[in-house]
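Taken in sequence, the protein lines are chains A and B. First residue of the first sequence: 1, per our numbering; consecutive thereafter. First residue of the second sequence: 813, per our numbering; consecutive thereafter.
There could be a bad hint or two in this list.
[Claimed, not checked] The calculated DSBU-like cross-link candidates involving lysine-lysine, where the alpha carbons are at most 35 Å apart (straight line), are: (1) B:Lys860 to A:Lys556; (2) A:Lys430 to B:Lys873; (3) B:Lys860 to A:Lys748; (4) B:Lys860 to A:Lys435.
No wet-lab data here; the hints were simulated from the structure.
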Amino acid sequence: MQKLVVIGAGMASGRVLEHLFESAPSAFEVTLFNAEPRGNYNRIMLSPVLSGEKSYEEIVTHDDAWYAENAVACRFGEPVVSIDRDRKVVVGAKGEVAYDKLVIATGSSPFIVPVPGKDLPGVVAYRDLDDTNAMIEASVPGARAVVIGGGLLGLEAAAGLRLRGMEVTVVHLMGHLMERQLDEAAGYLLRKDLEKRGITVLTRASTKAILGTEKVEGVALEDGSVIPADLVVMAVGIRPETRVAKAAGVEVNRGIKVDAQMRTSDPDVFAVGECVEFEGILFGLVAPLYDQAKVLAATLLGETAAFTPKELSTKLKVTGCDLFSAGDFAEGEGRDDIVLRDPARGIYRRLVLEGDRVLGAVMYGDTAEGGWFFDLIRDGTDVGAMRDTLIFGQAYQGGSPLDPMAAVAALPDDAEICGCNGVCKGTIVKAITEKGLTSLEEVRAVTKASASCGQCTGKVEQVLAVTLGDAFTGPARKTMCKCTDLTHGEARDFIRAKGLKSIPAVMQELGWKTPNGCASCRPALNYYLVCDWPGEYEDDGRSRFINERVHANIQKDGTFSVVPRMWGGLTTAAELRAIADIAEKHAVPLVKMTGGQRIDMLGIKKENLPAIWRDLNEVGLVSGHAYSKGLRTVKTCVGKEWCRFGTQDSMGLGVKLEKLMWGSWTPAKVKLAVSGCPRNCSEATVKDIGVICVDSGYDIHISGAAGLHVRATDLLCHVDTEEEALEYSGAVLQMYREGAWYLERIYKWQERVGLDTIKATIVDDPAAREALWERFLLSQKFAQIDPWAERVAGLESHEFSPITIVPALAAE
Amino acid sequence: MTTWYDICAFDDVPALGARTVRIGAREIAVFRTADDAVFALENKCPHKGGPLAEGIVHGRKVACPLHNWVIDLENGEATGADHGCAEEFAVAVEAGRIRLAVPAERLAAE
Ligand code: SRM
Ligand SMILES: Cc1cc2nc3c(=O)[nH]c(=O)nc-3n(C[C@H](O)[C@H](O)[C@H](O)COP(=O)(O)OP(=O)(O)OC[C@H]3O[C@@H](n4cnc5c(N)ncnc54)[C@H](O)[C@@H]3O)c2cc1C
Ligand code: SF4
Ligand code: FES
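Put together the whole structure using the sequences plus the hints.
Printed below as a string of structure tokens:
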């Protein structure tokens, strides 16, 4: 067996080893050095780790078992100090290893701006897990971070730190963000999106010094200003890590020079990844590195293969900032631009053409067509015939819009689906049919398609769907579900425009592909119909989730919980006594205060629900809708009536709001709170609608959340009177009911339509506000019926009565 | 020995819905689809025992109310990437009544 030594366990060398072991498991005895004290992980997913969306364990690509299985001698945490090419040995910190063939895959090192203070504790780069962990540790909410560099890495760092609650400032030398990937217009939209999240962006800002004595305290800019900081992240660029190679006398320019077979100036020494330079080009994205890896594995096995650099496309991995860029989009002689802008939706698209070929594309906001434009660029397609409609994307070509599935079905086998991993359609189809794959996860595991940045997930799903037909059950990308090609927005529009008033009508007229929908589209359609046709449409219980159908929350053991309403969080001794009696009478296993200022009775059998509801109804307690996509709770603090700081009657207003809104159907759950003063003891600033009383009236806040995602509210407006507070809140709720997609909470809806749009309607357009308010009141007429009382009276009684057969009697 | 039990009238089970039947220690869910086909499965999701009768019925499948596994009504098998099977029972609709077959040895289970 030949001895192969690899320096650096990174993304490129990991791929080389995979290819090697796959084709020739016993060709080499491998020793793997890594400076980091761990094996290979998916470095490009560090940003989701930083933001908390993924854990380190989830991004490990090769675990101990994999190395053991392939008999790799791992020397992790041991940097290579030198290479002795004459003796053919590699010298690690803990000793030498001999090689027949050597692979250098040392990646890059971050570039550190040579300013005073750069070595202070609290200054980090963004390259590996240790950097990421250092950032996570520093990110106590409220602490301040300055990110130097507004490129891909810097912005991912900034967004992640912001999500962790830090105050973040990005300092960028150039005139707009990501200037290498975006033009100015797209850079502007990106900046706006980042500012919306509370990130401060300074462009044309040059760092003079990092300040601090024991640790970082701030960043001084050339213009004389100082930004306070507890953490400074340097993300200004990378340079190939070539030190070991250079010292060994291998030919190095900016990177380690390699030929198309990845061979260095020494025939037994190879290099791969970001540390190499090929025909003067350096590399900073994984797609070309994976190509290199394939070529190197072949070379090592004595096969012929040659590396050719390809056109690259870029995406920023910041949730909610959809951007795409590819090719060359500089302006120039003989070049032509085609631009599409939709300011309301924050969409921007620009194509750069030379003659009848597309050279480059920049897109912001809606990047669904990115892949298609990228193909046009890479293939040099003649677009002369479709020039007029080109900018609208593939769907508009050839007369009638193409169904995306048909488009994928029409792709040739060699069409590339996954850019990062260079996986083409044929490979995926073959894996699906030969290995019987049925899910995105399986395709990912086997082919690596969409396993790196996830940009092509939708396309991979379409390939799956086309290949498997009905057998495919995974989620379609942006359509409501696999039952339809429509998005939520389109379906809503059609329901109104065509006057569709029942689920079967919707499914018939809009061409549903399944006979009666699925567990995902039916509840959505049911909601849209309830919302759009109040009083006309009759709710379809069979299209609601169990909780909403039986008006109680199902628990893990199949029992249910019962939460009566306590208006504004208020109760009385009599109510509490009644609840206590009922709990005892029905032997309720657990009674608990909820996080929503009321009482939960847990562990009730389904068939006992009506009896317990009857008893609750008798003392005036009604459903608290703890289960509904509707109004949950209105939390209040004591307010002016008792509290020495209270400015208005927060309890009274809370009760009025709850009486106004209870029973309403909404796209997702809705929670309110009213605080009597800005001390905000009822936590109004993390509620869907939060009212904060002040001396001069009421501040109405919207779009807070404190669940999976924590988000403080935005101020909608100030009003002077309680009547206005009720009307504005009701109007906003109605606007949300009419405009949001099913399961979208208020904050998500706002992030999609923009706070300005909401303000323009609710605050600046009294006629529109009043119309919404009227529509809300009308819909409430049909909604405010206590569902418990209805069922106590016998509605859907079969739901609560199981059929019991005693076998001893029925048998024989 | 298999016993056929007379369960209920066909109309007692709502279309796109289910009823639960308790026979001894067994809880069985009887489903009715939009096209009036009737199926019976043990009322226990192969994932974590969720009560399948409370799920949303669509096509010839039911989505479990707890974590949304989709179970094929025709054979009790989990669909998609999930693996597992809910026990299946034979049913018949005769003269507007639903009958359910339960082998004696399966009554004793658990
Ligand atoms: C009972 C309660 C916990 C408690 O013991 O205190 C609770 C229990 C459940 N919550 Fe909650 N949440 C409860 C207050 C909260 C709060 C606090 C609050 O309302 O002030 C939050 C954070 C605030 C927020 O919503 O922004 C909260 C955020 C969630 C979330 C995350 C929602 C999100 O959009 O991020 C879920 C999951 C979901 O809805 O998809 C959830 C889902 C659930 C479910 C329904 C899980 C489920 O699907 O079965 C739990 C039902 C248990 C049951 O049957 O009772 N619960 N849940 C609280 C009931 C309040 C009430 O009186 O109605
Ligand atoms: C936060 C972040 C986000 C990114 N996002 C994307 C993205 O979205 N898309 C994309 O295409 N690319 C992205 N990249 C770039 C991508 O991660 C790199 O292109 C890729 O990791 C380079 O692979 P490599 O194997 O050449 O080097 P690396 O993965 O860096 O591996 C090199 C390894 O060699 C080790 N090493 C160095 N010197 C020595 C020595 N002397 N002895 C022993 N070991 C040594 C290092 O410790 C390191 O572990 C991102 C990078 C970062 C940091
Ligand atoms: S946090 Fe909410 S959803 Fe999670 S276990 Fe507690 S009650 Fe259930
Ligand atoms: S118990 Fe049915 S999906 Fe989990």
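For each hint, the structure was consulted:
| no. | hint | result |
| --- | --- | --- |
| 1 | B:Lys860 to A:Lys556 | holds, 8 Å |
| 2 | A:Lys430 to B:Lys873 | holds, 29 Å |
| 3 | B:Lys860 to A:Lys748 | holds, 31 Å |
| 4 | B:Lys860 to A:Lys435 | holds, 28 Å |
Hint compliance for this structure: no hint is broken.
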